[in-house]
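Asker: Line by line, the protein sequences give chains W and D. Sequential numbering from 1 applies to the first sequence in this note's numbering. Sequential numbering from 1 applies to the second sequence in this note's numbering.
Any given hint could be a false lead.
With a straight-line Cα cutoff of 20 Å, these simulated EDC-like cross-link-like pairs (lysine to aspartate or glutamate) come out [as the list claims (entries may be wrong)]: (1) W:Lys141 to D:Asp132; (2) D:Lys316 to W:Asp185; (3) D:Lys151 to W:Asp461; (4) W:Lys141 to D:Asp219.
Honestly, the hints are just simulated from the structure, not real lab data.
The lines below spell out each chain.
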Amino acid sequence: MDSLFFLFQGFATAIEPANLIYAAVGVIIGTAVGVLPGIGPALTVALLLPVTFKLDPGGSIIMFAGIYYGGMYGGSTTAILLNTPGESASVVTALEGNQMARSGRGGPALATAAIGSFVAALIATVGLAFLAPILVKVAVKFGPWDYFGLMLIAFVTVSATFGSSPLRGLTSLAFGLWLGLMGIDQLTGQARLTFGVPELLDGVEVTTLAVGLFAIGEALLVASRHLFKPEKPMPVKGSIWMTKEDWNRSWKPWLRGTVLGFPIGALPAGGAEIPTFLSYNVERKLSKKPEEFGHGAIEGVAGPEAANNASAAGTLVPLLTLGLPTSATAAVMLAGFQQYNIQPGPLLFTQHADLVWGLVASLFIANVMLLVLNLPLVGLWVRLLAIPLPWLYAGILVFASMGTIAANPSVVELLLLTGFGVVGFLMRKFDYPIAPAVVGLILGPLADSALRRSMQMSLGDPMILLQHPSSAIMIGVAVVALVAPFIFRGLSKFQQDED
Amino acid sequence: MRKLLKICFAATMAISAVGVVSNVNAQSLELNIMAPAGAGGGWDSAARSLQEVMMATGAAKSVQVVNVPGAGGTVGLAQFIGSAKGSPNQLLVAGITLVGASISNNSPVDLTKVTPVARLTGDPLVIVVPKDSPIKTIADLQAQIKSDVAKTIWVGGSAGGADHILAALVTKESGADPAQVNYVAYSGGGESLAAMLGGQATAGVSGYGEWQGQIESGDLRALAISYPEPIEGIEAKPLKAQGLNIELVNWRGVFAGPRVEGADLDALKAAVEKTVKSEQWQAVLKTRGWADYYAPSDEFQAFIGSETERVHEVLKSIGLAN
Numbered sequence: 001m002d003s004l005f006f007l008f009q010g011f012a013t014a015i016e017p018a019n020l021i022y023a024a025v026g027v028i029i030g031t032a033v034g035v036l037p038g039i040g041p042a043l044t045v046a047l048l049l050p051v052t053f054k055l056d057p058g059g060s061i062i063m064f065a066g067i068y069y070g071g072m073y074g075g076s077t078t079a080i081l082l083n084t085p086g087e088s089a090s091v092v093t094a095l096e097g098n099q100m101a102r103s104g105r106g107g108p109a110l111a112t113a114a115i116g117s118f119v120a121a122l123i124a125t126v127g128l129a130f131l132a133p134i135l136v137k138v139a140v141k142f143g144p145w146d147y148f149g150l151m152l153i154a155f156v157t158v159s160a161t162f163g164s165s166p167l168r169g170l171t172s173l174a175f176g177l178w179l180g181l182m183g184i185d186q187l188t189g190q191a192r193l194t195f196g197v198p199e200l201l202d203g204v205e206v207t208t209l210a211v212g213l214f215a216i217g218e219a220l221l222v223a224s225r226h227l228f229k230p231e232k233p234m235p236v237k238g239s240i241w242m243t244k245e246d247w248n249r250s251w252k253p254w255l256r257g258t259v260l261g262f263p264i265g266a267l268p269a270g271g272a273e274i275p276t277f278l279s280y281n282v283e284r285k286l287s288k289k290p291e292e293f294g295h296g297a298i299e300g301v302a303g304p305e306a307a308n309n310a311s312a313a314g315t316l317v318p319l320l321t322l323g324l325p326t327s328a329t330a331a332v333m334l335a336g337f338q339q340y341n342i343q344p345g346p347l348l349f350t351q352h353a354d355l356v357w358g359l360v361a362s363l364f365i366a367n368v369m370l371l372v373l374n375l376p377l378v379g380l381w382v383r384l385l386a387i388p389l390p391w392l393y394a395g396i397l398v399f400a401s402m403g404t405i406a407a408n409p410s411v412v413e414l415l416l417l418t419g420f421g422v423v424g425f426l427m428r429k430f431d432y433p434i435a436p437a438v439v440g441l442i443l444g445p446l447a448d449s450a451l452r453r454s455m456q457m458s459l460g461d462p463m464i465l466l467q468h469p470s471s472a473i474m475i476g477v478a479v480v481a482l483v484a485p486f487i488f489r490g491l492s493k494f495q496q497d498e499d
Numbered sequence: 001m002r003k004l005l006k007i008c009f010a011a012t013m014a015i016s017a018v019g020v021v022s023n024v025n026a027q028s029l030e031l032n033i034m035a036p037a038g039a040g041g042g043w044d045s046a047a048r049s050l051q052e053v054m055m056a057t058g059a060a061k062s063v064q065v066v067n068v069p070g071a072g073g074t075v076g077l078a079q080f081i082g083s084a085k086g087s088p089n090q091l092l093v094a095g096i097t098l099v100g101a102s103i104s105n106n107s108p109v110d111l112t113k114v115t116p117v118a119r120l121t122g123d124p125l126v127i128v129v130p131k132d133s134p135i136k137t138i139a140d141l142q143a144q145i146k147s148d149v150a151k152t153i154w155v156g157g158s159a160g161g162a163d164h165i166l167a168a169l170v171t172k173e174s175g176a177d178p179a180q181v182n183y184v185a186y187s188g189g190g191e192s193l194a195a196m197l198g199g200q201a202t203a204g205v206s207g208y209g210e211w212q213g214q215i216e217s218g219d220l221r222a223l224a225i226s227y228p229e230p231i232e233g234i235e236a237k238p239l240k241a242q243g244l245n246i247e248l249v250n251w252r253g254v255f256a257g258p259r260v261e262g263a264d265l266d267a268l269k270a271a272v273e274k275t276v277k278s279e280q281w282q283a284v285l286k287t288r289g290w291a292d293y294y295a296p297s298d299e300f301q302a303f304i305g306s307e308t309e310r311v312h313e314v315l316k317s318i319g320l321a322n
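Make the full structure from the sequences, and use the hints.
Answerer: Right, dumping it as structure tokens:
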């Protein structure tokens, strides 16, 4: 079996002492930064991207894997302890996890999250190792029309699932799409929306937008709120270990969460949010003590956390085989790959087989390291949160600006970062989701060229999108996903009126 | 990977140490080479190879590489023209893509504004068709172009780049209007390769090296290369040998700033010539898969002029320039 051979080779690469150190450093700084309030894995990876520039691609990607899983874990920690989910996928974790922490059971909550993440990521990484190569064969057959169909699905689900209303999601997406139009058009080589600024000819950097919207926007928002309602961290009380009952109530949710998370995450438009909500609902339905839900049920932490991590491994499937970023974190990772002129896509497995299997192997290793490092350190992580918020966010502002300037030393870049920070603050203030804007910037240009390439190949006949069964199905799915919520809402309203 | 890097590093250090010792009196050039592109691309690797060999052969005492990416190289070129005016120790690596980019971006600067020092490398482009295609020869492809130019779908690298120019030249030579060439631009050889393997295009253009693997494995059928002479180890014949009067080479060269002349220019010319004539440079060409396309300053200067004119004409015929 080729996969097995390559995987072993990957392990051989990953356990070289230098690479082990990269993985350990990645896990430690990933968790340390991820544990800061409001900073999820996407931002963690974006902030630390410049750190990995200096390494060779192999070492850099291994460190990346560590940062990624470390950031994921750190994000859940703040969701549980501070009720500040680092990202939308940890929102569900905060529901029960913070209730547990408030009743002094923060330790078991953190533990079930950590072990559940470990179990889920382990199983899902196996899935990644053995299913991804099969997907590649399908991937080469993907024409521009199929890519366009995929992009449509991604647009619709991302904007519909983030935020309080599809309209707000779509608005945020439109902002990202507009930014994505800037720069030299790939198909004609002509400049669009650059307003005569040569620095804009290459378009807007994804990392600049992500850091501006996420980090600077969040810092501004916290600063604006702090005057009126300072937030305080909370100490962990009692034992940090899980009781026998906790174990019994956790292991099934872990497995169910994994089963939900991996396939949905692997769907190019699955994302991490849907499986966490599904898992939460499933556990609530199946629990023997449904009355505990809402007051700190451990199943409500175990299931969604497993689903979150399994889907994270799942999102690597379309990223590595199709070059499609389906989550904010995957989007930032894509930017990381591109730093090295590595284009994730159908050929990544053949052209950079060593890197891919090295990555898969280092995901395993990052997982083990996370568990080993974090369980004993739960008490310490909480102390990180004791940094006074003004200091914390001032530090974030400094690091965000420095990271951006380091990547591209230009005044235009810094102005863009500041502008995006203000936009991010306003979007939070008025309850617009952030992630669709980032997704729009990444997927917009891809969808634009996919559509126009299709039209070029069909000599201008739009029916080409429906003539290929695969793209027709995907466009159909996207339409249903867009329209269905409205219909269901209409129906339930109708039923209410009946009652 | 790390180990390999360490060995390379140690070897480079050892060679440069020897080189510096033997040339202490000969050279004291301290150079800055600008690659007007990001790290990892063709210009960047050319600049870094120059750096390595210049220091190893003692052609220069120290060499630094600066990356200024953006807009097909025009951002870097504009900056270079400003900062390197009359400077005796600044070089720029550039190639045919920058000629095309300055024209199609309507850039106020182009390569005629800087001082050519030497042409270094030239890579052949290759024209391929999918393995199941009924097109077996370049004549078949020409017949297809002649019968329906719009239905002949080409794929290749960025719009207005060398690949696009070759597609337009072949279309014109086949007796069809190059303005109608149906060229689908992808951002790089990897992406357009997927389109070729998936059978979505009639023909594809890329640097030979990028598609070499698929050509040798039989997944793609190579019809012709754009180099004027046959190349050892490449089975496909030049377009010229197959009756098409086309030669197009993806060349790279090195330039000094505007108004660099006299002794300053001579010193730079001598340093580059020494580098290019060294064994180490030949070894670099071999490992990188680049073809030697060296031309000294005067010849290169005339070449830049004719190349700019020709590219402009082709881009005009495609409708990308006015």
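Asker: So, for every hint listed, does it hold in this structure?
Answerer: Taking the hints in turn, this is what the structure says about them:
The suggested pairing of Lys141 of chain W with Asp132 of chain D holds, with an alpha-carbon distance near 15 Å, which does not exceed 20 Å. With a CA separation close to 18 Å, the supplied pair Lys316 of chain D and Asp185 of chain W stays within the 20 Å bound. In summary, the hint linking Lys151 of chain D to Asp461 of chain W is supported, as the alpha carbons are separated by about 13 Å, within the 20 Å threshold. The straight-line distance between the Cα atoms of Lys141 of chain W and Asp219 of chain D is roughly 14 Å, inside the 20 Å bound, and the hint therefore holds.
Checked against the numbered hints listed earlier, the structure breaks none of them; every hint is satisfied.
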